[in-house]
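Residue numbers (UniProt numbering), protein chains in the order written: chain W, 1 to 244; chain R, 1 to 244.
It is possible that some hints are incorrect.
One copy or two, either will do: identical chains are not told apart, so a pair holds if it fits within one copy or between any two.
Stated by the list, open to error - In silico DSSO-like pairs for lysine-lysine, Cα to Cα no more than 27 Å straight-line:
no.: 1; residue 1: Lys75; residue 2: Lys51
no.: 2; residue 1: Lys195; residue 2: Lys242
no.: 3; residue 1: Lys87; residue 2: Lys240
no.: 4; residue 1: Lys4; residue 2: Lys51
no.: 5; residue 1: Lys4; residue 2: Lys75
no.: 6; residue 1: Lys242; residue 2: Lys51
no.: 7; residue 1: Lys240; residue 2: Lys138
no.: 8; residue 1: Lys71; residue 2: Lys51
no.: 9; residue 1: Lys71; residue 2: Lys138
no.: 10; residue 1: Lys202; residue 2: Lys4
no.: 11; residue 1: Lys3; residue 2: Lys136
no.: 12; residue 1: Lys87; residue 2: Lys75
Calculated from the structure, these hints are not laboratory results.
Next come the chains, spelled out residue by residue.
Protein chains: 2
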Amino acid sequence: MGKKYAVDYQVPFYETDVNHNVKLPHLLSLALQVSGLQSLSLGVGDDYIFKTHHLVWIITEYDIEIERLPKYGEKIIIETEPTAYNKLFCYRDFTIYGENGDKIVLIHSVFVLMDYESRKVHQVVDDIVAAFDVEKIKRIVRGPKYSALESPEETLYRVRYFDLDLNGHVNNSKYLEWMYDVIDIDFLRQHIPQKVNLKFIKEVYYGNDILSRVERDGLTSRHEITSAGTVRAQAKIEWKSKAD
Amino acid sequence: MGKKYAVDYQVPFYETDVNHNVKLPHLLSLALQVSGLQSLSLGVGDDYIFKTHHLVWIITEYDIEIERLPKYGEKIIIETEPTAYNKLFCYRDFTIYGENGDKIVLIHSVFVLMDYESRKVHQVVDDIVAAFDVEKIKRIVRGPKYSALESPEETLYRVRYFDLDLNGHVNNSKYLEWMYDVIDIDFLRQHIPQKVNLKFIKEVYYGNDILSRVERDGLTSRHEITSAGTVRAQAKIEWKSKAD
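Extracted from the complex, chain W is given alone in its bound form (with noise of 0.2 Å):
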C-alpha cells in the first residue's frame, strides 16, 4: 500500500438527492479531486504530468461497495490510498468515513495514463508513480465480466454543454447520470445501491447522441451505454431496500 491523503468535506445540499443522500455521480467527481490534490501535494499532479509527458490520468473501472451513503450536512473524510500499478494500470481505493468514524464506502479504481493526443493508453511511467511509494506488482487484477444486454429498454440523451470538463470530455461521472436515469424514480426513492460496478470502454464525445441501456432483474440492474453503435461503459448494480 502507498502513501493516504484525505480531505474533510461536507455534503452541500445541491449534491444531494430525494433520498437525502450525497448523489453517487458527485462522489465519484470528489474522490476524482480527492487524488487530483494527492498528486499535487507529491509534486506530480495533472499539470506537471501534462507538460511533462503530455499525459492524463482516466478511469477505466470502478468496484463500489456501499454500507450507506453520505447523507446532507454530514461531515465526511475522504481517504485515498494508491493500492498497488503494475505495467499499465494503477490501482486505488477511495475509503469514505461518516461522521461517526464509520466506513460508509469503498471505492476501488483503476486509472491508467492516456496520451492527450493519440487518446491512446500509455504505459505507467516509474516516475510519475514512485511519488506514490507503491508497490509494482505483475498481475493484472481483473474486474467482473459483463455480459452483453438481450433485450435491454432504452432512452436516448444528448451530451450537453455542460457535461463536458475543462478538458472538453465528457465527465466520468455522467455516465452514472445516464445509467440512474433510465430507471423508474419510485425503484429509485426506495432503494439504495450496495454495490456498483462500473467499466468505460471509449469515449464519447459533445454533439454524439448515446443510449442508456438497462435491464432490472429484481435488486441488480445492468446497464450499457452506447455511441455511435458501440458500447462506451457498462455497469452493475446491486440495490437494496433503503428500509433495511
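Dock chain R against the given chain W, drawing on the hints supplied.
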C-alpha cells in the same frame, strides 16, 4: 445593509467548463449554499423555518454582474449580505472575490418564503428576518421587463432524476443549464457572460418535458423555459468576447 457572512472555496476541476472557468449554474448553487449556512449560523436555518413555519426559501430573480469568472483551482471568497426586505421580498447580494482580492462577480438576488404544501408565496415573517439585522423597506425593487420571444429556436429537454434536489424539486441552477445548452458551443468557447438577468416564474416538475427557447442577437441572448405551454423562467444574457 444587514449582517455579512463569508465562506472560502476552491474551484474543483469537475465544476469548471471548457474555458476553465467555474460553471455559472454551479456558482448560483454555491451562493445559495452560503446563504443557507448564514441562516444556520444565526439560528434560523432551513430546518428550523420548515419545522416552525412550514416555509422554505426560494429565489425568484437574479441580476448578475460578471467582471470575470473564477478559474479552475482558484481560491475565492463568497460573501453574502441581506440588503433590505419588504412585505413579500427579501433582497440579498453575493460578492465573489478572486484570489487577488478583487470583486469579480456580484449577484443581486430576490428571495421569497414559500409555503411548502400550497407552493404559494408567503409574507415575510419578521421573526425570521430579524436575525439578519436588515432594514425593512416599503418599496418593491423591480427587475427588468422580459418581452416574449418572437421566433425563437427551441430544444426539448426532459427533467432528469439528478436534476432534483433533496426536496424533490428541480434545482434552480438547472434552468440556467438548459439556457446555456441551446447556445452554439463555438460561441460558448469564445464568450463569457458579463450580465445575466434571470427570473423564475413557476416550477417545473419531474416527468414533464420542457422547452429551452432562445433568440440571440449579436452579444445578447434572450431565453425562455416553457413547460406545458406556460413560461417557467426568463433570462437575458449579455456576453463579451473572452479576448476582451
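Now the hints, each set against the structure:
no.: 1; hint: Lys75 to Lys51; verdict: between (35 Å within a copy, 23 Å between copies)
no.: 2; hint: Lys195 to Lys242; verdict: within (14 Å within a copy, 44 Å between copies)
no.: 3; hint: Lys87 to Lys240; verdict: neither (37 Å within a copy, 47 Å between copies)
no.: 4; hint: Lys4 to Lys51; verdict: within (25 Å within a copy, 42 Å between copies)
no.: 5; hint: Lys4 to Lys75; verdict: both (19 Å within a copy, 24 Å between copies)
no.: 6; hint: Lys242 to Lys51; verdict: between (46 Å within a copy, 24 Å between copies)
no.: 7; hint: Lys240 to Lys138; verdict: neither (36 Å within a copy, 54 Å between copies)
no.: 8; hint: Lys71 to Lys51; verdict: between (38 Å within a copy, 19 Å between copies)
no.: 9; hint: Lys71 to Lys138; verdict: neither (39 Å within a copy, 41 Å between copies)
no.: 10; hint: Lys202 to Lys4; verdict: neither (30 Å within a copy, 48 Å between copies)
no.: 11; hint: Lys3 to Lys136; verdict: within (14 Å within a copy, 56 Å between copies)
no.: 12; hint: Lys87 to Lys75; verdict: neither (37 Å within a copy, 37 Å between copies)
Hint compliance for this structure: hints 3, 7, 9, 10, 12 are not met, and every other hint is.
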